[in-house]
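Just so you know, the protein sequences line up as chains L and H, in that order.
Read in numbering that gives the first Met the number 0, the first sequence has 391 at position 392, and its numbers run on one by one without any break.
Read in numbering that gives the first Met the number 0, the second sequence has 73 at position 74, and its numbers run on one by one without any break.
No wet-lab data here; the hints were simulated from the structure.
Model, not experiment: these values are computed from the prediction.
The C-beta atom is built at its ideal place from N, Cα and C for all residues, glycine as well.
Be careful, since some hints might not be right.
[As the list claims (entries may be wrong)] Residues of chain H placed beyond 12 Å of chain L at every Cβ, according to the derived structure:
no.: 1; residue: Y33
no.: 2; residue: A54
no.: 3; residue: K137
no.: 4; residue: M252
no.: 5; residue: P279
no.: 6; residue: H291
no.: 7; residue: M398
no.: 8; residue: C416
no.: 9; residue: V421
no.: 10; residue: T430
no.: 11; residue: L458
no.: 12; residue: E465
no.: 13; residue: K532
no.: 14; residue: Q533
[What the hints assert, rightly or not] FRET-style restraints, in silico, Cβ to Cβ:
no.: 15; chain 1: L; residue 1: E661; chain 2: H; residue 2: E513; range: 29 to 37 Å
no.: 16; chain 1: L; residue 1: Q47; chain 2: H; residue 2: P90; range: 23 to 31 Å
no.: 17; chain 1: H; residue 1: Q583; chain 2: L; residue 2: Q654; range: 22 to 30 Å
no.: 18; chain 1: L; residue 1: R623; chain 2: H; residue 2: T270; range: 35 to 43 Å
no.: 19; chain 1: H; residue 1: G360; chain 2: L; residue 2: A672; range: 35 to 43 Å
no.: 20; chain 1: L; residue 1: E661; chain 2: H; residue 2: P97; range: 22 to 30 Å
Take a look at the letters that make up each chain.
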Amino acid sequence: MADEGPARLVAEHIENGLERYGRGELLAALTEWEHALRLDPSNLRARQYVQYVRENYELLASRFGRTVDAGRAAPGLPALAPELDDDSAGGENPFGGPSQTEALAQLASGWELEDFMPERLPPPPSQPLEPQGIEVPPADEWARSQPGSVDDLAAVAQAVLEPFGVQMTPPHGSEAIQGSGGSLESLGVRPLDADPLASLEPGLDPERTRPPSARVPKTRVPSRPPPVRIAMPLEPEEIAAFEAATVERAVKLESAAAPPAQPPPSERLRPPPERPTVVPGAGARRSFPHPPSESELDFSGLLEEGEDEAKTETRARSLPNIESRPGRKVTRTPAGGLLVEYVAELPDEFLGPDEDGLASEPTSDGVLSSESDDAVSQLDAEAPTLERPQAAVPVDGDALGPPVDDALLGLEPEEAPPAPTASRASFPELEIVMEKAASPRAEPAPPFARSPAPPPVSPAVQEIADDVSPPPHEGPIITLAPPEGSGAWRVLESDLEIVRPGAVAPASIFEEPASARARDQAGPAEPTPAGLEDRITGRAATRRAPVTPPLEPDSRPPRAKPQFSDESTPLPPPYDPEAIEDHAGEARTTKPKGSARLSEPGPAGALAEHVRAHLLEAKKQFERGDLAAAALAAEGAFTCDPAGEAAPVREAERQLLIRIFETQLGSLKRVPAVAMPAAEIACLGLDHRFGFLLDRIDGATSFDDLLDIAGMPRLEAYRILESLLRRGVIGCRS
Amino acid sequence: MADKVIGIDLGTTNSCVAVVEDGTPVVIPNRGGYKTTPSMVAIAENGKRLVGHIAKRQAITNAENTVFAAKRLIGRKWDSPAVKAAMEAVPYRIVEGPHNDVRIMLRDQVFSIPEVSAYILQEMKMIAEDYLGEEVKKAVVTVPAYFNDGQRQATKDAGRIAGLDVIRIINEPTSAALAYGFGKNIERKVAVFDLGGGTFDISVLEIGNGVFEVISTAGDTFLGGEDFDKRIIDWLVFGFAKEHKIDLRKDKMALQRLKDVAEKAKCELSTVKETEINLPFIISTGKSEALHLQRALARDKLEELTIDLVERCIQICKKTLQEADIDKGEIEDVILVGGQTRMPKVQEVVADFFGLEPCKGVHPDEVVALGAAIQGAALIDEQSDMLLLDVTPHSLGIMIVGGYFHRLIEQNTTVPCSKSHVFTTVKDNQTSVKILVLQGEAERAEENELLGEFILTGLRRAPKGEVEVEVNFEISADGIVSVSAKDLETGLQQSITVTATSGLTEDEIRRMVEANKDYMLEVRSGEEFEKHKQNAERLVDEIEQLFPKVEEIISGSDFGQDAVRKARSVLDRAKSAISSHDMQAVVDSTEALTRTLNMFKGVVSKTKLG
C-alpha cells in the first residue's frame, strides 16, 4: 500500500531514536525523532519524545554526560553541534550566535551580521528526507568535512542548504562577508534568489502535495472522459469484424452488468409487480408503482385553510377500472378511452391563462368548469397516448406496476425517437461505443470532413452505455458510427489516434489549418502492419495506469496494443485529470501531441492545450447539467497548470468557470465552517493558499466575504473553496 | 420617548459601541458576537466596502487598499510631521487634499479621513440599530485627550457623514473615569492607564462632587498591542527560519496568518499559561509540499519578548507624573483601559509602579464606550446632575515680538474659560497690530498650530510701549475659541472666532452625506433582497425536490398535468425574478411558490396515506 512507506519510515526513525537514546546518544536520538516529526507532524509519539528531550535537555545531558559533551554522533552521522533550545533560558541560537532575546532586540534595531554568523552547523539529517522533497547529501560528505576547518564546515553547509534554496555566508574569520545585515541573512543564510518565495510554485497541485501516507481516494469523474472527435471511415470488413466482436462483448457485459430490477424501498415488502404486456408498436408507458387510490388523485381539499377556494377541473384517462364517485366523473370516449373528470382545488396561479390559451372560469356553483369543447379536443390532440386502444395495456390493479425494462431504460417508445441498437465494450485502455442506425436527426460528418460539432450521441445509447459499462474508465474512448448513406462504420469519438492504411491522418477538430497543411505536406503516416487494433495507436501508454481494477481476463477481448504515434497525428489531450496531473510537468518541457493547434509552439502552448481540453469538458458537462463533473473538469484546468502559465486561457472562460464553481458552492451568502479535524486536514497535502483560505473560514464569514478577503484572484478563490467543499474539508450552513 | 444616544469609542485599532438601557450601560456586540470592532476599512477587488473584522482579515493581503489607524491622520494638516511619519509607516497611499488636508487613495478612489472614519462610525451605528431595533441618530464619541480642535471637528464631521448627530465629543480618559465612577459617589484622584492596540495614554483625573477633571494627560502614539503582536510574529518567524531557512514575512498570506495567530495567542496567554500555535500549510516550498508551523508559546516567553514595551509604558507614566507635579502616592485608583492591559504582566507592573492593585471593576475594552454611553444618557436626561468638565488639550496664545509664543490659556485648563492679557506696541507710531492666534506647547510661534489671525487698526500714533492693547481669549463649552483685541485707550475692538475645521468644506461634507445615504440604502435593500431571495430559493428547492414525486403520482393518469405545467411556470417565473434581481417580482413569486409548495406537499402526503 502506498501509505505504508512514510509510516514505516516514521516508525523506523522513532525506533532508531529510541535505540540511540538507550545508548546515550541524546542528540542523535533527537535528530531521529525530529525527522520522524517532519515526516509526520501529527505523530504524537515523536512529538512527545522531542518535547521531552528539549524540556529536560540539561538534565539528560548531564546524565548522558560525556556522550553529549564529546558531541559524538551515532554511527553514520557526523559529529553534531550541540542543539540548543531557543526557548531555553537565554534563547540560545543554534547557529552559535546571540540568544533569541538578543536577536529579537537587534531585529528591531537592525541586525549585525557578525552576531549571527554560524560557528557550528546544525546537525544534518541522518536519512534522506525524500518524502518532503528535500535532498540531503550523503552522510559521508559530512563525515569528510567534520574534522576540517570552519571553511570546510561552510562548504558542507552550503552543500546541505543549497537544495533548500539558501546559501551559507562565510563564517567568522573567513572571507569578507557578503550581503547586507538585517533580516534572516544575519542568521548566516542567504537566499540564492533575491526572493526565495518567488521561486515557489504558486499553484501547487493539492494532489501532488499530498503526502503519500495521507493519500485520499481521488474523486472520480462521474461521466466518462470527453473523447476527442474525429471523423474517419474504416474499411467495411474491418468494421464488420470489429462490430461483431464488440457487440458480442457488449451484450455479455450488458447481461452481466444489468442489475436485477428492484422495487422501490417502500415496495420491497410487497409482491413484485407483474410485468405488463407490451404490445409491440403500441408503446408502453411508465406508471405509478401502484394504482393511485381515489384519495391520492383527488386534489380537493389540498389548500390550506384561508387560501383561495377556487377550483379547477383536471382530467385523467387510462384507468379503465376507475369509477365515478363524488368529485370524480368517469365517462367513456368514442375512441374507447376513459375520460375522468376530477374536481380539485388549485391556487390562483393555476387559474390564469396558460401557454395553451386555456382558461378556467369559476362557474356559478363555485366549481371551475372545464375547458371549452375545443380546448378539450385540443388537449386530446396533444396527448396521443390518450387515444391508444384500451386493450393495448392491461391496466387492472397491480398490473399497473412499472414495466421494469422500460423503466430502467427510461424509454417511452411512442414519444422517443427510434432507439438505435447500441452496444458498448470496455477495455482497460480502450473503450468503444458503437452506434448503428442512428436516428435520422443525427447527421454524422462526412469522412475526413472537419466537423465543428460532433454528431450527438443518442441519449438512449449514452444511457445504456452508462448503465452497462463499469465505472470510470481510464483508457481512451472510440465512438463508432456509420457514415451517412453507407453501411460502413467510422470513428465518431476517440482519444486514440487512428491511422488508416495509406491515408493521411485525420485532422483534429482543434487543429489549425496551417498545421494541417503542414502535416499534409509531410506525407501520409506510416501504416501499421495489419488489423485495426494495430492501427489504433494511442497515448494510453503515456498515461498513468488505470486505478480501477481491470476486467477479468477471461471476459476481456484482445487488448488493443498501444503504439506511440508520431507527430503527424496530433490530437488534443483527452480529459483525464490524473494523467494530466502526472504529466503536467512533462508537458511544460516537452512538446506533446496536440500542440499543433496553437500558433505558438512550446511549453505554454502545450499547457494551454491541456487547460483548454479541461475547459471544453467542463463546458460540456455544465451544459449537460452534470455540475459535479463540470466542477471536476474545471478543477483540472487549474491543477494541470500549477504555475499558472496558461492563466489567460482560463481567463477567457472566466465566466463559465465562475458559474460552475458558484453553482457548486450554492448561495454565496452561505456560511462555511471547517468540517474536518485538523489532524486530517494536515494530511491532505494542501498548499499554502488552501491553508490561508481555510484559516479565514471561521464559521461566521460567508462565501461572499471569503471571496473578498481571499487575497488571491477571485477565480482562484472560487476554485479553492469549491475544492474544499467537494473534499468535505468544509461544510455549509445557511 | 427621547431618542437613544449611543456612546462610541472610536479607537485607533478597535471601536466599541454602548448604550444605556434601563439605567444600565451595556456594550453592544457586533454581528460576529464580538464587543469590539476593528477600526479598519478596505475596498475589495470588486469595489465592495469592507469594514471591521472582515477588513482586518485581509489587511495584509490587501494592504494597499486597507486603511487602519486613520485616527492618527484625522484632522491633521498635510504638512504636519504626524502625516509625514504616517506616510512612511502605512502601506496605503496618502495624498494631499485640496485644503491642505490629508486624503487616502484606495483603488483609484480618493477618500477623506473623516469619510473613512465615518464608515467605522456607520458600522457602529448599524450594530446599535440591529441591537436596538430602531434607528439611532445621536451619539457621543470619544477622542484622545490630546486631540486639537481640528481633530475634534473632523471627528464630528465623520459622525455627520455617517448619519449621526454627534452631540458631544469627550476625552477618552474622562469617559473611562465616568464609567468607573458610575453609580458611585467618589472623590479621588485616579490614573487612567490606556494601552490600546496602537497608542498608549496615561491621564490623571480628579473626581469630586460629580465633576471629572483631567489634570494631566500624555502618552505615546506609536506604542500599543500591535507592538506586542509583532514580537510574537518575529519570534515565530525566527524559529521557522532556523528550521526551514524561509522568511515567512516575505509571503503576504503567511504574514497575515501570523498576525492573526499572534494576536490570538497573546489574548489566550492572558488566561492560560501556554498556548499552541498551529498554522498548517503556512507556506509552499516549491517542492510539492507545504510546511506547517507548529509551536507552543508560554506566557513567560511572551513576557520575556515584550518586557521592554511594558517598561516603556512605565517610563512614560513616570515622566507624565513628574511633569504634572503629581506624586504617584496621590493616585488612589488606577483604571485600566485597552485590551493590552489584560496582559497579566502589564497589570503586575502597573500595580508595582502605583503601589496599588488596578481597578478591575470595569472591562478594559469596553470602559470608554460605556462612559460615552453614560454621558450620552446624561445629556438627554434633564434630571441628571452630572457635570462633565473638559480641559483644553493644548495651550492657546498669540505670537509676540521676536516670533515667540505667548500663552494665554495653559494646557489642561478646564473649559469653558476666559483669559485676558494686555500688550503694548513695539514700534514708534505703530498704528496697527496683527494678532496671530496659535495653539501648541512650543516656545517658537512657528512651531505651533496657527488657528487664525486678524488685524486691529486705528491705534494712536505714539512711542512704542505706550499704546496698550488687551487681548482676550474665551473658550466655550463647545470648544469654540473667540479671540478679541481691544485698544484700551480708544475702545476700538477687533475679534475673531476660531471654528475648528476638519479640512472639508460644507459642500464636500454634504455630498459625502448624500453618497453615504445612497450607499446605505443600497446595502439595506440588498440585504432585503437577499432575504427574499433566500426564501424564494428555498421554496424553489423544495418544490423541485417534490416535482419528481408529484409527476410520478400523476404520470399514470395524466391527472393534474396542467397543474404541473403551471407549477413549472411558477418556478420559471420565480427563477427569472431571482436572476433579474427584481425584488418586487421575487416577493410576488414567493407567494405563488408557497401555495404551490403547499399543494405539492398535500398531494404527496395524501398519496402516502393512501
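To see whether the hints hold, each was checked on the structure:
1. Not every beta carbon of chain L lies more than 12 Å from that of H:Y33, the smallest distance being close to 10 Å; the non-interface claim is violated.
2. The claim that H:A54 lies off the interface is violated: its Cβ sits roughly 8 Å from the closest Cβ of chain L, which falls inside the 12 Å cut-off.
3. Every beta carbon of chain L lies more than 12 Å from that of H:K137, the smallest distance being close to 30 Å; the non-interface claim holds.
4. Look at H:M252: its CB is around 4 Å from the nearest CB on chain L, not clear of 12 Å, so calling it non-interface is violated.
5. Listed as outside the interface, H:P279 is inconsistent with that label: its C-beta sits roughly 5 Å from the nearest C-beta of chain L, within the 12 Å cut-off.
6. The claim that H:H291 is not at the interface with chain L is violated, since a C-beta of that chain comes within 12 Å of its own (minimum 5 Å).
7. Chain L leaves H:M398 outside its interface by the beta-carbon criterion, the shortest separation being 40 Å against a cut-off of 12 Å.
8. Taking the minimum C-beta to C-beta distance to chain L, about 43 Å, the non-interface status of H:C416 holds against the 12 Å cut.
9. Against the 12 Å criterion, H:V421 stays outside the reach of chain L, whose nearest CB is about 52 Å from its own CB.
10. The claim that H:T430 is not at the interface with chain L holds, since no C-beta of that chain comes within 12 Å of its own (minimum 58 Å).
11. Listed as outside the interface, H:L458 is consistent with that label: its C-beta sits roughly 57 Å from the nearest C-beta of chain L, beyond the 12 Å cut-off.
12. Here H:E465 stays apart from chain L, with its beta-carbon at least about 59 Å from theirs, past the 12 Å limit.
13. Chain L draws H:K532 into its interface by the beta-carbon criterion, the shortest separation being 8 Å against a cut-off of 12 Å.
14. Here H:Q533 does not stay apart from chain L, with its beta-carbon only about 7 Å from theirs, under the 12 Å limit.
15. Against the hinted window of 29 to 37 Å, the Cβ-Cβ separation of L:E661 and H:E513 comes to about 34 Å, which satisfies the hint.
16. Between L:Q47 and H:P90 the C-beta distance comes to about 42 Å, which lies outside the given range of 23 to 31 Å.
17. H:Q583 and L:Q654 have their C-beta atoms about 28 Å apart, which keeps the hinted 22 to 30 Å range intact.
18. Between L:R623 and H:T270 the C-beta distance comes to about 55 Å, which lies outside the given range of 35 to 43 Å.
19. Taking the beta carbon of each, H:G360 and L:A672 are about 37 Å apart, inside 35 to 43 Å as hinted.
20. A C-beta distance of roughly 42 Å is found between L:E661 and H:P97, which places it outside the suggested range of 22 to 30 Å.
Checked against the numbered hints above, the structure breaks hints 1, 2, 4, 5, 6, 13, 14, 16, 18, 20 and satisfies the rest.
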